[in-house]
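Enquirer: Each chain, letter by letter, is given below.
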Amino acid sequence: MDYLLTEEQVMIRDLCREITEEKIKPVAAEYDEKEIFPWDIVKVLADSDICGVYIDEKYGGMGGGMMELCIVAEELSRGCAGIALAFAGTALGAEPILIAGNDDQKERYLPDIASGKKLAAYGITEPAAGSDVAGMQTTAKKDGDHYILNGTKHFITNGGDAEIYTIVAMTNKAKGARGASIFIVDKDTPGFTFGKKEEKLGIRASSTRELIFTDCKVPKENLIGREGQGFLLAMRTFDQSRPGIGAQALGIAQGAFEAALKYSQERKQFGKSISSFQGIQFMLADMATEIEAARALIYASARQIDAGVKSITKESSMAKMYASDVAMKVTVDAVQIFGGYGYCKEYPVEKYMRDAKITQIYEGTNQIQRNIIALELIKQSKI
Amino acid sequence: MNIIVCIKQVPDTTQVRIDPETNTLIREGVESIINPFDTYAIEEGVRLKEKFGGKTVVLTMGPPQAEAALREAISMGCDEAYLVSDRAFAGSDTLATGYTLAKAIQKIKNFDIILCGKQASDGDTAQVGPGIATQLDIPQVTYVKKIEEADEKSAQVERMTEEGFEIVKTSLPCLFTVVKEINEPRIPSLKGRMKAKKAEIVSWKAIDLDIDEARLGLTGSPTWVSKIFTPPPRPRGEVFEGEPEDVATKLVEALKDRLNS
Chain F
1 MDYLLTEEQV
11 MIRDLCREIT
21 EEKIKPVAAE
31 YDEKEIFPWD
41 IVKVLADSDI
51 CGVYIDEKYG
61 GMGGGMMELC
71 IVAEELSRGC
81 AGIALAFAGT
91 ALGAEPILIA
101 GNDDQKERYL
111 PDIASGKKLA
121 AYGITEPAAG
131 SDVAGMQTTA
141 KKDGDHYILN
151 GTKHFITNGG
161 DAEIYTIVAM
171 TNKAKGARGA
181 SIFIVDKDTP
191 GFTFGKKEEK
201 LGIRASSTRE
211 LIFTDCKVPK
221 ENLIGREGQG
231 FLLAMRTFDQ
241 SRPGIGAQAL
251 GIAQGAFEAA
261 LKYSQERKQF
271 GKSISSFQGI
281 QFMLADMATE
291 IEAARALIYA
301 SARQIDAGVK
311 SITKESSMAK
321 MYASDVAMKV
331 TVDAVQIFGG
341 YGYCKEYPVE
351 KYMRDAKITQ
361 IYEGTNQIQR
371 NIIALELIKQ
381 SKI
Chain S
384 MNIIVCIKQV
394 PDTTQVRIDP
404 ETNTLIREGV
414 ESIINPFDTY
424 AIEEGVRLKE
434 KFGGKTVVLT
444 MGPPQAEAAL
454 REAISMGCDE
464 AYLVSDRAFA
474 GSDTLATGYT
484 LAKAIQKIKN
494 FDIILCGKQA
504 SDGDTAQVGP
514 GIATQLDIPQ
524 VTYVKKIEEA
534 DEKSAQVERM
544 TEEGFEIVKT
554 SLPCLFTVVK
564 EINEPRIPSL
574 KGRMKAKKAE
584 IVSWKAIDLD
594 IDEARLGLTG
604 SPTWVSKIFT
614 PPPRPRGEVF
624 EGEPEDVATK
634 LVEALKDRLN
644 S
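For the protein sequence lines, the chains are F and S, in the order given. Counted the way our numbering counts, the first sequence spans residues 1 to 383. Counted the way our numbering counts, the second sequence spans residues 384 to 644.
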């Protein structure tokens, strides 16, 4: 389908496709197997001006927005979703600064993110606060010119490898959700350490670590927005980041589909290629249609964000939820089309299937997405 | 340091077919790319500029479509691009091409190093680079795999040979043809691609160059191609299996047979 991308967006897509084919696909299986963080690919992305596609030109970016971010996430994930996360996880970490950072914060942090010199990470989840974000325990106590952070963040993408962290912490626990605030924390801040790296089912080239804050002194200039705005800002961040997760899921689905379509024409049974059998044809047709529907939803929600539409929560959740459910289904079917070979690591589809699962879980499980969508529906049609 | 990179637009090597009737390349429907060896020359030219300052200019002779190759070179970091294109150049062999490019280089002026790929993937002659150097009467080093050091007056390079490599010190200006071991060409960046889209390509015809018309195109080309054909595939080697002693005996017998036949 022709989505009438701008000339620049086509250029971004083609460039990312080239990087995916030439640089990512050849190493995807090895980085997955050995859990290698893709620093060499980060360097390629940085040298290609990809890291800053969604950042203002004033800060060294390419001046694009959510649409450009989604195109990159989709294309890189077509090769490896784990590797793509070095980019996408950084975009998530940068999001609170982009949304609510002041000029000083933007000037201090965005240029290094745009140039690819530094990666970023977003820290909200805690061991006891996953879907129930408001239950977080990490605190930030004002002390003169500083805030003192204490607590532990969990499952943080790019944790330990990123240099810039945006962290949600309670500045006033008594106020509940209204007592949360977001801070920018540099990696080398005393009192900031890292726990174990998680060993995961998929996205294994991406690092996931625990962040531990022990009397970690963060200058008050690093508070984003005002005290107490953290929860609202975190939700706005998710509104902006969910189409990106959808794009990641979309790329995974597309990659698995392409592999399955090709294989179905090569594999011969009963003297014919298996693509000539209706059982396989119906699967391929469903896969392609659902992928296209997911893409249309993601692009529409991304364009809505770039156009400055105020109410984006419902559509962002729809895009994330639908695309990730499609990715799971498509990758399972891709393995099915490959049959026994699909179950083996020698072929790429089992990896796509493992990578797809996380997209139904993180940045709000798909059950939470359905809650959000339903609540928005009821809110909008209140009688 | 000012560098001129000479490139050629060629049909994508993976798609090349030859018309058995006319013995010429079938170009219809075949995508054109920069000669793969020339991409290493472009990369090296851009790296030299990044290291020593100055500018890197890219030059090609070819039909108007060759502009696409020049734009791609700009997207990789070249600063200026020149296209030498005229019907009078049609049918040029390596001698006429070398002459024409040398004339264009004399018009561009101010160069310290000229870089070429070691050969083109379509003709495979490896003659145009050396031809340019001869026409310009400057030194040349072929099959360069590393430019070790360079200053305004001289450069030291490693030249690949079948046995290993030679270290060659030369005065500048000099022409180098490069092999693929010299670097890994970059993927053109987004900013590079945007710059390339807008870049102005200088286009010269025969009349713009101080040139002897008798030495151009078909008239200036003494090369005569009698036949082009696809060589038969090399026959597969014979494999002897079994105990080492038996195998050795069989091998010696086979070699003897071959010698006698």
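Treat the hints with care, as some may be off.
[Claimed, not checked] As a list, the in silico BS3-like pairs of lysine-lysine whose alpha-carbon atoms are at most 25 Å apart:
no. : chain 1 : residue 1 : chain 2 : residue 2
1   : F       : K43       : S       : K432
2   : S       : K578      : F       : K43
3   : F       : K25       : S       : K563
[Claimed, not checked] Which residues of chain F face chain S? A few of them, derived with a C-beta cut under 8 Å, are:
no. : residue
4   : V10
5   : M11
6   : E22
7   : M62
None of these hints come from the bench; they were simulated from the model. As the structure is a computational prediction, the values presented were derived from the model and not from experiment. Where a beta carbon is used, it is the ideal one built from N, C-alpha and C, also for glycine.
Enquirer: Is the hinted pair F:K25 and S:K563 satisfied, with a Cα-Cα distance of at most 25 Å?
Expert: Roughly 22 Å between the alpha carbons, so the hint for F:K25 and S:K563 holds.
Enquirer: Taking only the CA atoms, is the gap from F:K43 to S:K432 under or equal to 25 Å?
Expert: Holds: F:K43 and S:K432 sit about 21 Å apart, inside 25 Å.
Enquirer: Can the restraint linking S:K578 and F:K43 be considered satisfied, given a maximum Cα separation of 25 Å?
Expert: Holds, because 21 Å separates the two Cα atoms, which is no more than 25 Å.
Enquirer: Close enough to count: is the Cβ of F:M11 nearer than 8 Å to one in chain S?
Expert: 5 Å, holds
Enquirer: Quick one, is the F:E22 hint okay against chain S at 8 Å, beta carbons?
Expert: Holds - the Cβ of F:E22 comes within 8 Å of chain S, reaching about 7 Å at its closest.
Enquirer: Holds or violated: the hint that F:M62 contacts chain S, with Cβ atoms closer than 8 Å.
Expert: Nearest chain S Cβ about 6 Å off; hint holds.
Enquirer: With chain S as the partner, please determine if F:V10 meets the hint condition of a C-beta pair closer than 8 Å.
Expert: This interface hint is violated because 10 Å lies over the 8 Å limit.
The structure does not agree with numbered hint 4 stated previously, though it agrees with all others.
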